[in-house]
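Peer 1: These are the residues of each chain, in order.
Protein chains: 4
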Amino acid sequence: MTEKNPQEITDRDNALFEAGIKLGALYHQFVGSPLSPDGITSMEKAIQESISAQPFVESVHVEIDKEKVTAELNETFRYTELKGFMLTVKAAIRVNTTRVFVSMKFDEELNYPLMRIDKIEENIE
Amino acid sequence: MTEKNPQEITDRDNALFEAGIKLGALYHQFVGSPLSPDGITSMEKAIQESISAQPFVESVHVEIDKEKVTAELNETFRYTELKGFMLTVKAAIRVNTTRVFVSMKFDEELNYPLMRIDKIEENIE
Amino acid sequence: MTEKNPQEITDRDNALFEAGIKLGALYHQFVGSPLSPDGITSMEKAIQESISAQPFVESVHVEIDKEKVTAELNETFRYTELKGFMLTVKAAIRVNTTRVFVSMKFDEELNYPLMRIDKIEENIE
Amino acid sequence: MTEKNPQEITDRDNALFEAGIKLGALYHQFVGSPLSPDGITSMEKAIQESISAQPFVESVHVEIDKEKVTAELNETFRYTELKGFMLTVKAAIRVNTTRVFVSMKFDEELNYPLMRIDKIEENIE
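Protein chains in written order, with the working numbering: chain A, 141 to 265; chain B, 141 to 265; chain C, 141 to 265; chain D, 141 to 265.
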């Protein structure tokens, strides 16, 4: 077994840890918000600007699937809530010279809003 | 003691109950969201449209105090979170012929984001 | 149209408004929490004690349907989230001499976690 | 600049990303919950069991500072909300042969609930 002490923790390690924090935060802060098709655009924008305010975030892009929102509307009350499977999120997080690209997207096969690491860039200027 | 059974519950009762639901929902859904001064406008709009999607809501107006947000910014990370004392909310809720006006506003004396009933209109057309 | 000014707002009005606040808060604070069947008991207890801490609450009873939790488990990851339709909540709220009983329960017909006023007691000692 | 494609993403990368997700989720799900000193134990337990239900979590330990809760109680209403600075969290996350230890703890100097990587163990059996 190989142990790494805090002094051996790299920018890459921290960038991925920070990227996870942002996606976990986004999901658990905003999922559950009352939502109708008319409110999609403002919700996407607010989530993007909110998560962008956090440290190390270079960019966040949030897309809420209008078809899924419409399909989920309660018949009587004509609204639904933001649910994980409606969301596609892409974020770029940078710590010093490392940038990581992560995403959340509903995975049909797993039936799960899967968060994943898409790409890692090291030694950027 | 006087008991009222469900059949004696009035529009006024239901309108006030629904109004409370909306303010409780708003507070516990959105308080805690990462926030910087630049994100205030989009957050206000998203909260308004979100809560407006719920049943019986005629209007919701949300104001986030920019001075308070700025004063709360973390010195190192330059952002804060939406906190109850930054919020002023006014909402109108209607059930049949009753409309109630409720609000949430930080009460300096109580040191508390106080929710209150401002006005009740009955027998509206 | 009949207007009531704040001075004409009754204990009954305030009790119902407060009752709504509690149910709205409960729903939007805790729905979305990661949950497995083993975590049901502690989640029920934490929600009860949390909401009981709020003003005017005499009692809160929370029940999370184990069968529904089990049926919702993700096949790969073996957990789910607390969802509105899993919850049955009963609460008693008192303002001065008025006590109201409210509940939240999934309504199959409406396909909705319906919040309702169950009973109002006035002139209690 | 060096790019890593998904196929070069290591267990260590994924473990740190997953660890971040858990801390971000915990914070934004539970911060804001109404809380009194009596409710601390059940809240700690519920948070632990909730986050433990998520994938890759080996252990989570949550401690809510009773002195801070007591100091924050609203004078009139005798309760407060769970706030980031009251929380100390330690978690161990494992992906295949890599285990990471992460924590959240209020950093007095930064005035911030700092999340950090404490240790990384690779090649565990």
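Hints are computed from structural coordinates only; laboratory data are not their basis.
It cannot be assumed that every hint is accurate.
Which copy is meant is left open, because identical chains are indistinguishable; a pair holds if it fits in one copy or across any two.
[To be verified] The list that follows gives simulated cross-link-like pairs (lysine to aspartate or glutamate, EDC-like), each with its CA atoms no further than 16 Å apart:
1) K208 <-> D247
2) K144 <-> E184
3) K259 <-> E143
4) K259 <-> D151
5) K259 <-> E207
6) K245 <-> D151
7) K185 <-> E215
8) K208 <-> E261
9) K230 <-> D247
10) K245 <-> E184
11) K245 <-> E265
12) K144 <-> E262
13) K230 <-> E207
14) K144 <-> E261
15) K259 <-> E248
16) K245 <-> E143
17) K144 <-> D258
18) K245 <-> E198
19) K144 <-> E207
20) K208 <-> E143
Peer 1: Next, verify each hint and record whether it holds.
Peer 2: Going down the list of hints, with the structure as the test:
| no. | hint | in the structure |
| --- | --- | --- |
| 1 | K208 <-> D247 | within (14 Å within a copy, 22 Å between copies) |
| 2 | K144 <-> E184 | neither (39 Å within a copy, 29 Å between copies) |
| 3 | K259 <-> E143 | between (25 Å within a copy, 7 Å between copies) |
| 4 | K259 <-> D151 | both (14 Å within a copy, 14 Å between copies) |
| 5 | K259 <-> E207 | neither (29 Å within a copy, 39 Å between copies) |
| 6 | K245 <-> D151 | neither (25 Å within a copy, 21 Å between copies) |
| 7 | K185 <-> E215 | neither (27 Å within a copy, 25 Å between copies) |
| 8 | K208 <-> E261 | neither (33 Å within a copy, 38 Å between copies) |
| 9 | K230 <-> D247 | within (15 Å within a copy, 29 Å between copies) |
| 10 | K245 <-> E184 | within (15 Å within a copy, 26 Å between copies) |
| 11 | K245 <-> E265 | neither (29 Å within a copy, 32 Å between copies) |
| 12 | K144 <-> E262 | between (20 Å within a copy, 8 Å between copies) |
| 13 | K230 <-> E207 | neither (20 Å within a copy, 31 Å between copies) |
| 14 | K144 <-> E261 | between (22 Å within a copy, 6 Å between copies) |
| 15 | K259 <-> E248 | neither (22 Å within a copy, 34 Å between copies) |
| 16 | K245 <-> E143 | neither (33 Å within a copy, 22 Å between copies) |
| 17 | K144 <-> D258 | between (24 Å within a copy, 9 Å between copies) |
| 18 | K245 <-> E198 | neither (19 Å within a copy, 25 Å between copies) |
| 19 | K144 <-> E207 | neither (47 Å within a copy, 34 Å between copies) |
| 20 | K208 <-> E143 | neither (45 Å within a copy, 35 Å between copies) |
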